[in-house]
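Participant: Take a look at the letters that make up each chain.
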Amino acid sequence: MTSLLSRASLKFFSAFLTMLLAGVFLGNSILIYVSLIPLFVIVFTLVLDQPSRVIVRRAEKELELYLDEDATISLQVEIPSGVGLVTVADTLPTHFKLVEGNNFRVLWKGFKEKTVNTSYKVKCTKRGVYQLSPISWEAMHPLLLKQTKMGSGEEALKLIVRHRPLAIKKVRSTKALSKVPLPLGSSAKMGVATTDFREIRDYVFGDPYRSINWKATARHACSYKAWLPKVNEFEREGKKVVWIFLDKSANMALGPAIRNSFEYAVEAATALARFYLERDCRVGLCVYGSAGAEVVVFPDVGGRQYYKISRELTGIEVERRQRCGMTCEGPEGLETRAEAKELEKETPSAYLRSAVRRCRGHLMGANPLSIIITSISPRNVEALAEGVKEIRKYTVHERAKTPQVMVIHLMGYHVAARSDDEEIAADLVELRNWYVIKKVRQAGAIVIPWNPLRHSFARLLLTGLRAS
Amino acid sequence: MRLKYQHIRLIELLVVLLMASLSLYSFSKNRLYESIASSLQQLLLALLWTEARQQLAALPIAPMIIIITMTSSLLYFYVKGWEKHMDRVYAMSWLMHLPSILWYSNLDWLRVLGSPLNFQVLETQLSFVETLIISAFLVGGRALLFFTSQIRETLVMLQERGAGDDDLGAAASGMTTLALLLVALSIVATLAMSYLMPMIKALLSPIIALTPYPHVVIGIACLIAIPVFVIMYLYSKARD
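Protein chains in written order, with our numbering: chain S, 676 to 1143; chain Y, 59 to 298.
Just so you know, the hints here were simulated from the structure itself, not pulled from any lab data. Model, not experiment: these values are computed from the prediction. A virtual CB, placed ideally from N, CA and C, is assigned to each residue, including glycine. You may find that some hints are simply not true.
Unchecked claim - So the derived label-pair ranges between C-beta atoms look like this: (1) S:SER756 to Y:LEU153: 20 to 30 Å; (2) S:GLY990 to Y:LYS138: 34 to 44 Å; (3) S:SER756 to Y:GLU188: 42 to 52 Å; (4) S:THR790 to Y:ILE258: 26 to 36 Å; (5) Y:ASN176 to S:SER727: 51 to 61 Å; (6) S:LYS736 to Y:ASP223: 53 to 63 Å.
To be verified - Okay, derived cross-link-like pairs now, BS3-like style, lysine-lysine, Cα gap no bigger than 27 Å in a straight line: (7) S:LYS798 to S:LYS736; (8) Y:LYS138 to S:LYS686; (9) S:LYS736 to S:LYS801; (10) S:LYS772 to S:LYS796; (11) S:LYS798 to S:LYS983; (12) Y:LYS142 to S:LYS686.
Unchecked claim - One side of the interface only, derived from the structure: several residues of chain Y facing chain S at Cβ under 8 Å: (13) HIS143; (14) ILE159; (15) THR189; (16) LEU216; (17) ARG219; (18) GLY220; (19) GLY232; (20) THR234; (21) ILE245; (22) ILE289.
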């Protein structure tokens, strides 16, 4: 028997027996007759069976959404037979917030077949790949005289939550232009000039006369400051390479779990990848932690590369403190066991250098722009400086005027600050870190401090670069 | 957030009032009530001073006290609202109605045992059918109160799990309607059975007369035992 009885049904039956026996004992026909009432109640009620099968279907198998964006999850519940209460629960993972509707529905199933379409809206507060388990259901007896039946659907839902890409607009104003390698296009400086117009600039020694724009020169000739002729600059053939190094060590875990420094770092990495890919650059990604490079996406171009990078970034989690020590267990970034042992001998903060070594094959000869997203502190400054030097070893030309390494320094203490006092304390800590940042600059990198709670990333890149 | 189940509480109030009025009516028609009321009246008047005694002698103080006490107790249990309080409502109503039922007992064990106090003191003015109908309503009312309290508890549990008010409203309506329907059906079936019993008896008596007495006793015992053991088996399996 599938529907076993509950305690309530036993109560009715005992009431029937008590009254019947009392009636027989006293020879009282009234008691015997009324003893039939609980018996009839239990018989009529047990004839009704609760739904034994509930079919729950999801409208989607996979959903992709941006952080803090509402997602509508739709379900179809079909109850073919039975009478009773049916509860349908779609359990949400942590970091999800119910915005509209309800993920727990209670449905009354009468004598007719019932089909219900329901939907609810959720908002995710943390990036990641989430799996919504199959929807569970319970079927209760209409008068609770039988045990509740339980089951679940078969369809799970995969939710991929990404950071919304930051819109970094193209720099138009010449005042905003800086010497930092933030390319307006993908073209390399070397190579054959194409017919794609790039900009008008001042004449420099060696420019061919035919490239002079006489009309523009005439327009600007009224000012004594702009006495040089203007020349047309055209895009060159070839694609620039940009490497993004993202630090996922425990150093980046400062701040609340939902929105810590690492979350901002991932957001910045996504934005930079999109920015450069939109300009036809070849973009590569290296996520490194205490075990060296853990995720490497080799440079490529196009939307597919952006998808690859953003998919990798979606699934990455920051390391926890207990993992700070070096370990050989599962460091995907380490090529050989010997290399892992070598790293163990080194200082615990040598992870950037090992990550760069892992990517050296793609760094050599490409002269890429390398962007390191990290949070500089006295603990990791040596490792960072070593890493910058390692990058410069493969990329920097002797005569290059501008460094090809950019470090975005996430001000983690500001992210963690929850009051004005803590904000002031964070400022003091950053001041103390100033000499540390200087070390990184001396190693040959441009350092851009970023407080994500004060400055938008797009604006920071422009103003920060101008300042530097 | 408080659950909105006013319509269930309204049904419960009606049932409690019906049970109270029927049991009081039944009690008032019983000889036991007359003796209790007159004793109480005399006791109360004896406690009063002379002038007040003369003024209040004509008033039915004792019946009023009994009615007010019983009704207020039943309403108090209704307000409390838990299942155990519904049990007390039933127990009090049944206590008032029981003397009338006992009057229709064919076996007076007290008289058999030679006690001077027997069922003769429980004489009622109600007819057999009236007593049966009141009994049926009391038992049916108890079943309904049991279901409604169970429904309320379930709805509160579902609300705590996050169910919406609209869903709970629909569920409450469906469950309450079904409970009302089934209890009403049971009462009607019982009354119909009691009405048809003389005819059934007339049909079966020739057959039963031919059957040896031990066979009838064993047959009845088996008829009771089989469903008892089936129910106990199912319940024990459910607990496992």
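Participant: Now tell me if each hint is right for this structure.
Facilitator: Comparing the hints with the structure gives:
As the Cβ distance of SER756 of chain S to LEU153 of chain Y is approximately 44 Å, the hint placing it in 20 to 30 Å is violated. Distance hint for GLY990 of chain S and LYS138 of chain Y: a CB-CB separation of about 56 Å, inconsistent with the stated range 34 to 44 Å. The beta-carbon spacing between SER756 of chain S and GLU188 of chain Y, approximately 43 Å, falls within the hinted interval of 42 to 52 Å. At about 46 Å, the CB distance of THR790 of chain S to ILE258 of chain Y disagrees with the hint of 26 to 36 Å.
Between ASN176 of chain Y and SER727 of chain S the beta carbon distance is about 55 Å. The supplied range of 51 to 61 Å therefore holds. About 32 Å separates the C-beta atoms of LYS736 of chain S and ASP223 of chain Y, a value inconsistent with the hinted range of 53 to 63 Å. For the hint pairing LYS798 of chain S with LYS736 of chain S, the CA-to-CA distance comes to about 18 Å; that is within 27 Å, so the pair holds. For the suggested pair LYS138 of chain Y and LYS686 of chain S, the alpha carbons sit about 22 Å apart, so the restraint of at most 27 Å is met.
Restraint check: the Cα-Cα separation between LYS736 of chain S and LYS801 of chain S comes to about 20 Å, which is no more than 27 Å; the hinted pair holds. Note on LYS772 of chain S and LYS796 of chain S: the hinted pairing holds, with a Cα-Cα distance of about 9 Å set against a maximum of 27 Å. Distance check on the hinted pair: LYS798 of chain S and LYS983 of chain S sit about 24 Å apart at the alpha-carbon level, within 27 Å; holds. Using a Cα cut-off of 27 Å, the hinted pair LYS142 of chain Y and LYS686 of chain S holds, with the two alpha carbons roughly 13 Å apart.
Annotation: interface hint on HIS143 of chain Y violated; nearest CB of chain S at approximately 16 Å, more than 8 Å. The restraint placing ILE159 of chain Y at the interface with chain S holds, with a minimum CB-CB distance near 5 Å, inside the 8 Å limit. Checking THR189 of chain Y against chain S: minimum C-beta separation of about 6 Å stays under 8 Å; hint holds. The closest approach between the C-beta of LEU216 of chain Y and any C-beta of chain S is roughly 5 Å, which is under the 8 Å cut-off, so the hint is satisfied.
With a least beta-carbon distance of about 6 Å to chain S, the hint placing ARG219 of chain Y at the interface is held under the 8 Å criterion. For GLY220 of chain Y, the interface hint holds, the least distance from its beta-carbon to any beta-carbon of chain S being 4 Å, beneath 8 Å. The restraint placing GLY232 of chain Y at the interface with chain S holds, with a minimum CB-CB distance near 4 Å, inside the 8 Å limit. For THR234 of chain Y, the suggested interface contact is broken, since its CB lies about 10 Å from the closest CB of chain S, more than 8 Å.
A least Cβ separation of about 6 Å between ILE245 of chain Y and chain S falls short of the 8 Å threshold, and the interface hint therefore holds. Look at ILE289 of chain Y: its Cβ gets to within about 5 Å of chain S, closer than 8 Å, so that hint holds up.
Comparing the model with each numbered hint stated earlier shows that hints 1, 2, 4, 6, 13 and 20 do not hold.
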